[in-house]
Amino acid sequence: MRLSSVALFSIVVSMACTGYAHHNNHEHDIHTRELMNDRVSEVRTRDLVRALERRAKDGDGEKKKKKKKEEEEKEKEKEKEKEKEKEKEKEKEKEKEKEKEKEKEKEKEKEKEKEKEKEKTSRKAKRWCCTKCGKEYPNQTRAENHQTYHRDHVVKSLTKKGEGCWPLNPPLPPTW
Numbered sequence: 001m002r003l004s005s006v007a008l009f010s011i012v013v014s015m016a017c018t019g020y021a022h023h024n025n026h027e028h029d030i031h032t033r034e035l036m037n038d039r040v041s042e043v044r045t046r047d048l049v050r051a052l053e054r055r056a057k058d059g060d061g062e063k064k065k066k067k068k069k070e071e072e073e074k075e076k077e078k079e080k081e082k083e084k085e086k087e088k089e090k091e092k093e094k095e096k097e098k099e100k101e102k103e104k105e106k107e108k109e110k111e112k113e114k115e116k117e118k119e120k121t122s123r124k125a126k127r128w129c130c131t132k133c134g135k136e137y138p139n140q141t142r143a144e145n146h147q148t149y150h151r152d153h154v155v156k157s158l159t160k161k162g163e164g165c166w167p168l169n170p171p172l173p174p175t176w
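The sequence shown begins at 1 in our numbering and counts up by one.
In case anyone wonders, no lab produced these hints; they're calculated from the structure.
Quick reminder that beta carbons are idealized off the backbone N, C-alpha and C, glycines included.
There may be inaccurate statements among the hints.
Just the calculated beta-carbon pair ranges, DEER-fashion [to be verified]: (1) E70 / R44: 35 to 43 Å; (2) E109 / E75: 26 to 34 Å; (3) K63 / E101: 55 to 63 Å; (4) R46 / K80: 26 to 34 Å; (5) E109 / T175: 55 to 63 Å; (6) E107 / N145: 14 to 22 Å; (7) D47 / V13: 19 to 27 Å; (8) K114 / E163: 15 to 23 Å.
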């Protein structure tokens with residue numbers, strides 16, 4: 001493994017400061033070698049530690065990536081489930097609206113039937129009938145005139161549609 005320029009520079013500076021580079025003493029050479037070996041081993045261990053840290057980070061990163069992918073997949077599944085639930089709710093709302101429309105249509109039909117029944121039971125214009133002779137009159141004044149002319153005749157109003165005018169006591173058929 002090569003030494004970095006910073007490591008070499010620090011070794012040279014430390015040797016210059018201590019004076020080891022200027023002496024030719026054997027002890028100093030051994031000491032210098034030991035110092036160099038120590039520095040090299042420090043650099044090696046530092047590089048090893050950094051490499052191990054990178055691997056650990058990369059390993060952690062891969063694990064984190066896997067976890068993130070799994071979490072994203074779970075979130076996507078949850079979102080899909082939520083969308084399905086929303087669609088179901090929309091369908092339920094549509095069904096409720098259809099039911100309301102059906103109920104409204106039924107109510108309209110009932111109202112139409114009631115109106116038809118009212119038309120059957122009530123007339124647009126009242127008619128009048130003499131109960132004695134069975135004559136029918138289109139308005140009240142004519143009926144009253146008939147009643148005043150014939151004092152024993154009673155006139156009543158016809159309210160129902162289709163109600164006929166018949167005398168209460170029909171005259172007897174003539175006998176010849």
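Each hint, compared with the structure:
1. Distance hint for E70 and R44: a CB-CB separation of about 38 Å, consistent with the stated range 35 to 43 Å.
2. In this structure, E109 and E75 break the distance hint of 26 to 34 Å, their C-beta atoms being roughly 51 Å apart.
3. Separated by about 57 Å at the C-beta atoms, K63 and E101 satisfy the suggested range of 55 to 63 Å.
4. Distance hint for R46 and K80: a CB-CB separation of about 50 Å, inconsistent with the stated range 26 to 34 Å.
5. A hinted range of 55 to 63 Å holds for the C-beta pair E109 and T175, which are about 56 Å apart.
6. Here the CB-CB span from E107 to N145 is close to 47 Å, at odds with the stated 14 to 22 Å.
7. At roughly 21 Å, the beta carbons of D47 and V13 sit within the given window of 19 to 27 Å.
8. Separated by about 20 Å at the C-beta atoms, K114 and E163 satisfy the suggested range of 15 to 23 Å.
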